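Chemist: Now for the letters of each chain:
Number of protein chains: 2
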Amino acid sequence: MSTFSIHTLGCGSAKPTMRHQPSSTVIDYRGNLFMIDCGEGAQLAFQRQRLKFSRLRHVFLTHLHGDHVLGLPGMISTLGLGGAGGEMTIHTFEDGAKILKEIFGFFARDLPFKLDFNVIRPEEAVILETDSYRVRTIPLKHRVPTVGYVFEEKSKPRHIVRDMVDFHNVPFSMINRIKAGEDFIKEDGTVIPNRILTANPSPSLSYAHISDTVYMPDLAEKIGPVNLLFHETTYLDSHEAEAKKRYHSTARQAAMVARDAGADSLLTGHYSSRYKSDEDFRKEALDIFPNVILNREGLLTRLD
Amino acid sequence: MSTFSIHTLGCGSAKPTMRHQPSSTVIDYRGNLFMIDCGEGAQLAFQRQRLKFSRLRHVFLTHLHGDHVLGLPGMISTLGLGGAGGEMTIHTFEDGAKILKEIFGFFARDLPFKLDFNVIRPEEAVILETDSYRVRTIPLKHRVPTVGYVFEEKSKPRHIVRDMVDFHNVPFSMINRIKAGEDFIKEDGTVIPNRILTANPSPSLSYAHISDTVYMPDLAEKIGPVNLLFHETTYLDSHEAEAKKRYHSTARQAAMVARDAGADSLLTGHYSSRYKSDEDFRKEALDIFPNVILNREGLLTRLD
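Top to bottom, those sequences are chains A and B. For the first sequence, the residue numbers in numbering that gives the first Met the number 0 are 0 to 303. For the second sequence, the residue numbers in numbering that gives the first Met the number 0 are 0 to 303.
Here chain A stands alone, though its shape is the one from the complex (with noise of 0.2 Å):
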């Protein structure tokens, strides 16, 4: 079972085609649910891959285009017909609270759940932070103000070596503090170092999705050596120019991007409606990076 992993609901861009649908990923960190984006249809495909909306508790929307968002309205009011109750945030700028609290006060009234907005800016800030895990924005370049988000796992405590706490009658008032990289002295001032009481915790799980942008050099360095990178491809290499004018992406960029930052994998998507085929997004990706997964609606991605 992955406690971290990434479900690909829509990896189409703004023209909606047979293939590809709007923008919209689900990660599952520990049975939570967080969603990036809700592009219309999104409700639909969260419910294809049998995912629970009770678990659903945080909505980060990159940036205000209709492809991103226009998937919202739908899944809340049909949010509000379950009688779910429990409580949704939507972490999006001060506009797209405005707007969406005007549409949902038209057709979501008398939600029976707490539907809070979390403002949030165009610059690198963590905006949400718990004992496990924190969530940070990074500012990206696109048509309108967008931002990149980045998931990351805390460190976590050093795992206890059962035998050896016992063998040396560590107190369990002790544990935490030995969790946490203590050694032991002992009554008769002899120390038994951390090392021999513990073991290396499993590693903490990143992931960052960076969709839309133009290519920006000094994204990896604020992106960091995550183990998962969804950056947008929405154009291949021969459409460079298009893709500078039109502030997104080529494959090679992306791939750039994840060889920078050290990322383990590459995760592709937001592809233009012109290309027939989404394997050239790839093959050109491996031209820079090893590890790239091509995108596609429906995929899950496990991150451990």
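Just so you know, these hints were derived from the structure itself, not from any lab. Just so you know, these numbers come straight off a predicted model, no measurement behind them. Don't take every hint at face value.
[Unchecked claim] Label pairs and their calculated CB-CB ranges: (1) A/Lys14 <-> B/Glu93: 30 to 38 Å; (2) A/Pro289 <-> B/Arg108: 36 to 44 Å; (3) B/Arg176 <-> A/Lys14: 48 to 56 Å; (4) A/Asp115 <-> B/Arg56: 37 to 45 Å; (5) B/Thr129 <-> A/Gln46: 37 to 45 Å; (6) B/Lys14 <-> A/Glu181: 52 to 60 Å; (7) A/Asp115 <-> B/Lys97: 22 to 30 Å.
[To be verified] Straight-line C-alpha distance at most 27 Å; calculated DSS-like pairs for lysine-lysine: (8) B/Lys14 <-> B/Lys97; (9) A/Lys113 <-> A/Lys51; (10) B/Lys243 <-> B/Lys221; (11) B/Lys140 <-> B/Lys221; (12) A/Lys140 <-> A/Lys243; (13) A/Lys153 <-> A/Lys97; (14) A/Lys221 <-> A/Lys155; (15) B/Lys244 <-> B/Lys282; (16) A/Lys14 <-> B/Lys243; (17) B/Lys275 <-> A/Lys51; (18) B/Lys51 <-> B/Lys140; (19) A/Lys243 <-> A/Lys275; (20) A/Lys14 <-> B/Lys100; (21) B/Lys155 <-> B/Lys221; (22) A/Lys221 <-> A/Lys140; (23) B/Lys153 <-> B/Lys221; (24) B/Lys275 <-> B/Lys243; (25) B/Lys51 <-> A/Lys14; (26) B/Lys100 <-> A/Lys97; (27) A/Lys185 <-> A/Lys244; (28) A/Lys14 <-> A/Lys221; (29) A/Lys113 <-> B/Lys113; (30) A/Lys97 <-> B/Lys14; (31) B/Lys14 <-> A/Lys14; (32) A/Lys140 <-> A/Lys51; (33) A/Lys282 <-> A/Lys243; (34) A/Lys97 <-> B/Lys97; (35) B/Lys14 <-> A/Lys100; (36) A/Lys14 <-> A/Lys243; (37) A/Lys51 <-> B/Lys14; (38) B/Lys221 <-> B/Lys178; (39) B/Lys100 <-> A/Lys100; (40) A/Lys14 <-> A/Lys140.
Ideal Cβ placement from N, Cα and C applies to all residues, glycine included.
Using the hints, position chain B against chain A.
Modeler: This is chain B only, laid out in the frame that chain A set:
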């Protein structure tokens, strides 16, 4: 080639399912497309049926519930990408026009075509009329203001009987008056009765679209003897009490309206997501009315 046909894009109700999409219907009248309601996903269903956006000139909204409206922002913004030019009119109530203008102003700016709103009211009225057809509204009884639409061809001019017109040397200048039903009076005063010079025109066709409403005994008379009646069948008779409570109709009640209106055929739809099979709607309606067409996504129903 049919001159008057009905494309079903979505015939589900509020809760989207794997089997049914939310409401949307397209009327193809001599190559002109009229959309009635535009639930989420309608723009894709429209393309799946190989319909041309360039021929879509009117969108008629029955009421302002999300499952009848929330596909419109996405469709309009997609049309905006097409650079189609031309013009489109959305027929809706005043508050619908207001919220849609706000949404389009945000998500579908700088459209390359002219988008007009025709503000209608929940009353009996002719809202659109040309030389060949007329569209009228009928007020329904739902939880919010709602109208049904009736599309009817006007009576057509009589067909000229070429041989007789030539035989009696009817001058060309007279032809339109003969088509309109006038007799032909020769210079010597001989009267050639119109019935000899013309044949009956093909019958005028009509379609009524009734969604959503509680059963209204007086509705049939307002609709009249249409060729095809779509009447919502959200529930089965076993849930008649709930249908009434939710201001919806059962398949049995829809069949009663079709029978009392003198319709040729009844088209079902707006099925509640609670039912696993649609066949029961047909069975129930057939007990009351003989010509029942079981609606489904992708269905094409010809009136001629």
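Chemist: The structure should be examined with respect to each hint, and the outcome stated for every one.
Modeler: Evaluation of the provided hints:
no.: 1; hint: A/Lys14 <-> B/Glu93: 30 to 38 Å; result: 32 Å, holds
no.: 2; hint: A/Pro289 <-> B/Arg108: 36 to 44 Å; result: 41 Å, holds
no.: 3; hint: B/Arg176 <-> A/Lys14: 48 to 56 Å; result: 52 Å, holds
no.: 4; hint: A/Asp115 <-> B/Arg56: 37 to 45 Å; result: 41 Å, holds
no.: 5; hint: B/Thr129 <-> A/Gln46: 37 to 45 Å; result: 43 Å, holds
no.: 6; hint: B/Lys14 <-> A/Glu181: 52 to 60 Å; result: 54 Å, holds
no.: 7; hint: A/Asp115 <-> B/Lys97: 22 to 30 Å; result: 26 Å, holds
no.: 8; hint: B/Lys14 <-> B/Lys97; result: 25 Å, holds
no.: 9; hint: A/Lys113 <-> A/Lys51; result: 17 Å, holds
no.: 10; hint: B/Lys243 <-> B/Lys221; result: 21 Å, holds
no.: 11; hint: B/Lys140 <-> B/Lys221; result: 14 Å, holds
no.: 12; hint: A/Lys140 <-> A/Lys243; result: 10 Å, holds
no.: 13; hint: A/Lys153 <-> A/Lys97; result: 33 Å, violated
no.: 14; hint: A/Lys221 <-> A/Lys155; result: 22 Å, holds
no.: 15; hint: B/Lys244 <-> B/Lys282; result: 23 Å, holds
no.: 16; hint: A/Lys14 <-> B/Lys243; result: 41 Å, violated
no.: 17; hint: B/Lys275 <-> A/Lys51; result: 21 Å, holds
no.: 18; hint: B/Lys51 <-> B/Lys140; result: 33 Å, violated
no.: 19; hint: A/Lys243 <-> A/Lys275; result: 21 Å, holds
no.: 20; hint: A/Lys14 <-> B/Lys100; result: 21 Å, holds
no.: 21; hint: B/Lys155 <-> B/Lys221; result: 22 Å, holds
no.: 22; hint: A/Lys221 <-> A/Lys140; result: 14 Å, holds
no.: 23; hint: B/Lys153 <-> B/Lys221; result: 17 Å, holds
no.: 24; hint: B/Lys275 <-> B/Lys243; result: 21 Å, holds
no.: 25; hint: B/Lys51 <-> A/Lys14; result: 15 Å, holds
no.: 26; hint: B/Lys100 <-> A/Lys97; result: 15 Å, holds
no.: 27; hint: A/Lys185 <-> A/Lys244; result: 68 Å, violated
no.: 28; hint: A/Lys14 <-> A/Lys221; result: 30 Å, violated
no.: 29; hint: A/Lys113 <-> B/Lys113; result: 39 Å, violated
no.: 30; hint: A/Lys97 <-> B/Lys14; result: 26 Å, holds
no.: 31; hint: B/Lys14 <-> A/Lys14; result: 25 Å, holds
no.: 32; hint: A/Lys140 <-> A/Lys51; result: 33 Å, violated
no.: 33; hint: A/Lys282 <-> A/Lys243; result: 21 Å, holds
no.: 34; hint: A/Lys97 <-> B/Lys97; result: 15 Å, holds
no.: 35; hint: B/Lys14 <-> A/Lys100; result: 21 Å, holds
no.: 36; hint: A/Lys14 <-> A/Lys243; result: 18 Å, holds
no.: 37; hint: A/Lys51 <-> B/Lys14; result: 15 Å, holds
no.: 38; hint: B/Lys221 <-> B/Lys178; result: 30 Å, violated
no.: 39; hint: B/Lys100 <-> A/Lys100; result: 15 Å, holds
no.: 40; hint: A/Lys14 <-> A/Lys140; result: 21 Å, holds
Checked against the numbered hints above, the structure breaks hints 13, 16, 18, 27, 28, 29, 32 and 38 and satisfies the rest.
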